[in-house]
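Participant: These are the residues of each chain, in order.
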Amino acid sequence: MTTLSTIVAACVSLVIAASSSAQNGTIKIVSSLPRTGSANAQTGTIVNGIKMAIAEVGGKIDGYEIAYEDWDDASPQRGNWDPTVEAQNANKAVTDATIVGYIGTFNSGAAKISMPELNRAGLVMISPANTYSGLTKPGLGEANEPAIYRPSGKISYFRVVPTDDLQGAVAAEFVAASGAKRVFVLHDRELYGKGIAEVFERRAKELGMDVVAVEGIDTKAANYKSLAQKVKFSKSDAAFFGGTTQTNAGQVAKDLRSAGFAGMLVVPDGCCEEAFIQAAGAKNLEGNTFVTFGGLPPAQLTGRGAQFRDGYRKMYNADPEAYAVYGYECGRVLLDAIRRAATKDRAGVLQAVAQTKDFDGALGTWSFDANGDTTNRVMSINAVKDGKFVFVKRAGDTAVEGAGKVSAGGSVAPADAQAR
Amino acid sequence: MRPRMNPILIFFAVAAALPMFFGATGLFYDAFQSIFVFALVGLGLNIITGFTGMLNLGMAAFMAIGAYAFAILTCDIYPFQVGFWSGLLLSGFIGALAGFLIGAPTLGLSGDYLAIVTMGFGEITLDVLKNLEAITKGTQGINPLPRPTIGGWTIELQDERSWYYLLLLILGVAVLFVRRLERSRTGRAWLSIREDALASQCMGIPPKRTRMIAFATGSAVAAVGGALFAALLSSTGEPNSYDFQVSILVLCIIIVGGMGSVAGTLVGAAVMVGMNAIVLVKLADLFGSREQGASSNVLASPNNWKFLIFGLALILVVRVKPEGLVPPRLEGESGAQPPAPPKSQSGAAAQGAGA
Amino acid sequence: MELDFFLQQLITGLSNGMIIALIAIGYTMVYGIIELINFAHGDLFMLGSFLALTILGALGIDAWTGGSTWFGVLLLLFCSAVFCAGLNWTIERVAYRPLRASGKLSLLVSAIGASFILVNLGLFWGGLPMEVFAGGVAAAAPKDFPPLVPNTNLLGEDSLVQVTPKDLLVVGVTLPLMVGLTWIVTRTRLGKAMRATAQNPIAARLMGIDTDRVIGATFLLGGALGGFASVIYALYNNTISFQMGYRAGMDAFTAAVLGGIGSMPGAVAGALVIGLVRAMSDGYLETRWTNTIVFGILVLILIFRPSGLLGSRAKEKV
Amino acid sequence: MSLLEVRDITMRFGGLTAVDGVTFDLHQGEILAVIGPNGAGTTTLFNAITGVYQPTQGSVKFRGAEVRRSPDLKLAVRTAVVGILGAISTFMALNAQEIWTAAIDANYLLDKPFPWHKALADAWATARAAPLVWGIIPAMVGGVLGAATVLALWQRLRRTPDLIARAGLARTFQNIRLFTDLSLIENVLVGMDSRLRCGYWTNVLRLPAFSRERSRSTAEAMELLAFVGLADRAHAAAGSLPYGHRRRLEIARALASNPTVLLLDEPAAGMNPSEVTSLMQLIQRVRERGVTVILIEHHMKLVMGISDRIVVLQYGRKIGEGTPQEIQADRRCIEAYLGAEDEL
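Protein chains in written order, with this note's numbering: chain A, 1007 to 1426; chain B, 3 to 357; chain C, 4 to 321; chain D, 4 to 347.
Please note that a few of the clues may not be correct.
What the hints assert, rightly or not - With a Cα cut of at most 30 Å, we get these calculated DSSO-like pairs of lysine-lysine: (1) Lys-1226(A) <-> Lys-132(B); (2) Lys-1289(A) <-> Lys-1391(A); (3) Lys-1391(A) <-> Lys-1320(A); (4) Lys-115(D) <-> Lys-132(B); (5) Lys-1211(A) <-> Lys-132(B); (6) Lys-1034(A) <-> Lys-1098(A); (7) Lys-64(D) <-> Lys-210(B); (8) Lys-1394(A) <-> Lys-1187(A); (9) Lys-1098(A) <-> Lys-1350(A); (10) Lys-1241(A) <-> Lys-132(B); (11) Lys-1160(A) <-> Lys-115(D); (12) Lys-1034(A) <-> Lys-284(B); (13) Lys-284(B) <-> Lys-1098(A); (14) Lys-1066(A) <-> Lys-284(B); (15) Lys-1187(A) <-> Lys-1399(A); (16) Lys-132(B) <-> Lys-121(D); (17) Lys-1320(A) <-> Lys-1394(A); (18) Lys-1289(A) <-> Lys-1226(A); (19) Lys-284(B) <-> Lys-1350(A); (20) Lys-1066(A) <-> Lys-1160(A); (21) Lys-1241(A) <-> Lys-1391(A); (22) Lys-1034(A) <-> Lys-1363(A); (23) Lys-1391(A) <-> Lys-1187(A).
Worth flagging that the hints you see were computed from the coordinates, not collected in a lab. Predicted model only: the values in this text are computed from it and were never measured.
Using the sequences and the hints given, assemble the complete structure.
Facilitator: If you want it as structure tokens, here you go:
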């Protein structure tokens, strides 16, 4: 009998699920971001940005009501994004015909799951945070990337954030410019952190620096004191950590400093959030720690960006985190496309998004290129001062696309990069 | 007296009938695909822990091995490309082999020592999958994976109803497999080891070999589950998709369902995964829609309550039904018999302590 | 240089091992008495450190600079220990005691459930609108724990090898605690009752021992040790996070098993082995293989000593 | 010739000598009782005979030979195979990535047929060229596999209870050890396991042999349950049986393997007089089935009533052996048992 009652319970909740579908004149946008667990701090700001963009158009475009749903692609057991949930979200989005835009994902790994599904359905997907190059750029990832994400042959995935191959290179150039000769590369063994560390490593070697070692850390370890000693004893001038606040960047920074490592420490935009300073302790980051960021920090934004910053403060009574602007930008570019779209359905919106050109966004004026990447190359390097991010310099305008490409032999098999 | 209905048959009958009520697509299918996959992995663990009494905290590792074996054997970035069905079978075989390898040196250990070794095996597997990037593509995951073909007809991912029945069918075969073993000489030997390892050895049953067979069988079933998990996603996901939390979920499935009970495993999977995939999602949606603006208050987001609800539900379930939702029944036992004393699920564990 | 490096790793390994040992004792005590892998213990430990940070925040961090630092540390140790002890006792009362008769695995699931709840409480706690939690904006982010204990090098700032007051703190708190605990278990009435209950709860009850109270006391003691460990961990690592209980718990449980579960000296030995192996593997091999090596060594040791380093295998009565 | 020759068995636990040089013979078809006051070492002696404990010293010969696996060719081949596999997998684990890269990644191009021969050749070449030692990981993999091999070897050469049971010595336990969650008939079928032949796949696929064996073994099990008088409860859980019946079920379970020798450890413990009487009849009937019986018992009426010979232990030593009449007349045995002269 228990079996039956279980099934009945499941059915009841399913009926509730089924009843909450379409209304006429409503266009739905969803976002799929990890909202359970440690990433929620960052994704919260992204969601805020999206909501803000919708609020700015008054929740209506051409008489169509814009409905927004904030979906979670994490599960409580995993405390992080869960491939099963992401697949379910993609399915859910595909089967709900009122959904015309899918904002997400936060993690590149999750994007790999949902991209082919959404592509087949012709549903446009715009990511505020995926930086893994292989998702869009041929030749930088696996041999079958990015074709496998485009089973329909069309491009339906776009991102407003510059990819790892640009950012890692910018970081390496910055380190080289500081005069460092020996550099120790650490990464978190995740898709994002490892990818960016690899780009950094290659670019650093090209720039004539001596890469002492590349090490993947255990992101759940209590501390990295032993590893930090290793870095210190290696007499490196600089260290790069490819990772995020969630993968323990704070502890890495802290232990490096407490071990007495005085060299430069550079971390990528996954750490460009208050939480990183909070985790690492402002004192440990003071001075010689730098954070690269794809775009300009809120304080440096001008024009639209400045408006966004002020609007965000007013709406949420807090300073926007670095990521909020991406959420906002995603939302705006999608709404803009809906406005321009000839037909307010998936095909129309997809076409309009793809045609986005010289968009006057919070991140500057940019377009989507043929791969679906932003043409925005502006990056910034930030330092930490008195517990706040301060802008150091603008970079990336000159960054070479595809810096991550293996130069010798022309083979793009990842094995070359990994046979160390 | 009316004979009690067979809960396994009820499960399959209801599962087979359900899609009639739910159209061709929807949340329902996603949830049930997960339920079937985890029921499969649960069946594997049920052989190891439920039947044979070896506490295994590393079941996710066998899922991962199945998923990665399946992916490497079928994905078109590798030269093997054996196809869906052969891939499924081979991944089961490789799972058995892995179970054999980890089992050989450790199955002599008692109870919780084995538990920690299996837990360690789970961690090692994740590390190896992440570190051997040349083979496993590290954290990138392997994709895309092929769709099953039946006589020239390919089941596409969107064809959710076909997937549903395919998984149900495979689960049915697995249940049949496990039930047949359980009700044979092999299964009796497993149960006797769980009940009293020494007595069973004194009856001429070689404990190590018997445990090994159970371990390998369970691993194989879980590996097939893992392969289907990957096939459903058309990707292995990243290695972290098979971490300790997954092992814990599977363990909860069989304990909540009823240790050593095949029907219990099915119901446990429906309850635990269903709670996750349906109830918690619905709850979050329900409260999420009322959420006003974005508040920085951590309590305001319903997503932040999921752990708590899940934990409370676990404690409540074992409190109300400590022997599991569908405890195992004796073969041939009729309704008229007095129930066995309620120590069934402790038998496995008590063994570890005593041996 | 090479020797310096080795000594440095030795010191790091020992300090980390000592912290693991404190948590591991909590596991091993509970296991010894009711044969439960107390999954919630690691998360209990996590909450202890959150309490410590809250107290720091409430009293104002500046108060602890200068001479009153050590007093502050003692206060934190005391508060967290009392808190964790009380919480552990409550969990036992609510989640474990009613299930004790219904089998070990039900207990295990209950412990897993308790662990989930504690983790979630930790998440909420991190969202407190306090200065130390950065106003509670990013509840899930790791929190910086103010460096009450300085990181100065006692061997002089020029020395490559670092021995800091933090290392001394770890040793200075852990050793007396272990001695004290050994005294309690071997010399006092309570200790005798605990060992009797562990051996045979039914017989102990027949002998007039109130086993429920003894088990409660064990949870109190184990919780208190977890509380001490949480403060030392926080002061040593200077970061706390609501997810830190998982790894801390896993390391500690591995240590308990490695040493022979149920044996307190074993837990300490196991923890030191794990701390040292981790340090050496991080230092001389690659960090990414460290976990593999730790568990590989565990399996290797268990093959030759199936009851752990210092565990004794009770002969089964036939 | 005697069926079972127990020679100079000694069992020491740390400083305690539980059994000290006990020697006796068991003859075909007899009922032999081993008696002794509590703590005399009777149960320990049983455990040493049935392989539960490894005797510190001494030997047990069954039909003139020690019961143990002989290190035969099959074992040697298996050990060698495991060892070689271990070495290969260690090596593979070491260089897996390089070999893989050389064999697969370097040769595989999308949309082109895969050159299997070249890949294998490349793999072999890389494997040969690769350095063997990388550090602690291979040492550990090798260590684990090597240790497992040694352990397996040692296990196989040991007298284990399952081996002894399969040789034809079945036993019951002093503190009854039934499989309480299994039904009565399943308990008996577990006892019969050593006589069943159907393998794993036969069971899964339900080949004809399975059905044949199932009906035969079920009938035999029912017959055994009837023999001990429990046939009417065949499908109840063993845990639901009253105490006296559990003893009988244990005997049925032990008989299921068609043993040559049945070892009963205090079968009458905790029984009332009428139960003892029927137990005595049962033991007699067991002997009539052609099974030789050794029993440990404190219940003198039972011992004197059914045994052909008696061995008396005290403090681990044998102090007497003979027919019931001889033992009853032996002063030392009586003193050992009763400890006081005036009760005679």
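Participant: Determine for every hint whether it applies to the structure shown.
Facilitator: Hint-by-hint comparison with the structure:
1. For a cut-off of 30 Å, the pair hint linking Lys-1226(A) to Lys-132(B) stands: about 14 Å separates their Cα positions.
2. Using a Cα cut-off of 30 Å, the hinted pair Lys-1289(A) and Lys-1391(A) holds, with the two alpha carbons roughly 9 Å apart.
3. About 25 Å separates the Cα atoms of Lys-1391(A) and Lys-1320(A), which keeps this hinted pair within 30 Å; it holds.
4. Proximity of Lys-115(D) to Lys-132(B) is assessed by CA-CA distance (about 28 Å); at most 30 Å being required, the pair is judged to hold.
5. Between the alpha carbons of Lys-1211(A) and Lys-132(B) the distance comes to roughly 24 Å, so the proposed pair stays at or under 30 Å and holds.
6. Between Lys-1034(A) and Lys-1098(A), the direct Cα distance comes to roughly 12 Å. Compliance with the 30 Å bound is thereby established for this hinted pair.
7. For the suggested pair Lys-64(D) and Lys-210(B), the alpha carbons sit about 25 Å apart, so the restraint of at most 30 Å is met.
8. Our distance criterion of 30 Å between C-alpha atoms is met by Lys-1394(A) and Lys-1187(A), whose separation comes to about 28 Å.
9. Distance check on the hinted pair: Lys-1098(A) and Lys-1350(A) sit about 19 Å apart at the alpha-carbon level, within 30 Å; holds.
10. Simply put, Lys-1241(A) and Lys-132(B) have alpha-carbon atoms about 28 Å apart, close enough for the 30 Å limit, and the pair holds.
11. The straight-line distance between the Cα atoms of Lys-1160(A) and Lys-115(D) is roughly 25 Å, inside the 30 Å bound, and the hint therefore holds.
12. At most 30 Å may separate the alpha-carbon atoms for a hinted pair to count; Lys-1034(A) and Lys-284(B) meet this at roughly 18 Å.
13. At roughly 13 Å between alpha-carbon atoms, Lys-284(B) and Lys-1098(A) fall within 30 Å of each other, so this suggested pair holds.
14. Between Lys-1066(A) and Lys-284(B) the alpha-carbon distance is near 26 Å, which keeps this suggested pair within the 30 Å criterion.
15. In summary, the hint linking Lys-1187(A) to Lys-1399(A) is supported, as the alpha carbons are separated by about 21 Å, within the 30 Å threshold.
16. With a C-alpha separation of about 28 Å, the suggested pair Lys-132(B) and Lys-121(D) falls inside the 30 Å cut-off, and the hint holds.
17. The suggested pairing of Lys-1320(A) with Lys-1394(A) holds, with an alpha-carbon distance near 20 Å, which does not exceed 30 Å.
18. Our distance criterion of 30 Å between C-alpha atoms is met by Lys-1289(A) and Lys-1226(A), whose separation comes to about 23 Å.
19. Taking the CA atoms of Lys-284(B) and Lys-1350(A), the gap is near 28 Å; set against the 30 Å cutoff, the hint holds.
20. Distance hint between Lys-1066(A) and Lys-1160(A) is fulfilled; the C-alpha atoms sit about 29 Å from each other, no more than 30 Å.
21. Simply put, Lys-1241(A) and Lys-1391(A) have alpha-carbon atoms about 26 Å apart, close enough for the 30 Å limit, and the pair holds.
22. In summary, the hint linking Lys-1034(A) to Lys-1363(A) is supported, as the alpha carbons are separated by about 24 Å, within the 30 Å threshold.
23. Restraint check for Lys-1391(A) and Lys-1187(A): satisfied, since their Cα atoms lie roughly 25 Å apart, inside the 30 Å limit.
Going through the hint list in order, the structure satisfies each hint without exception.
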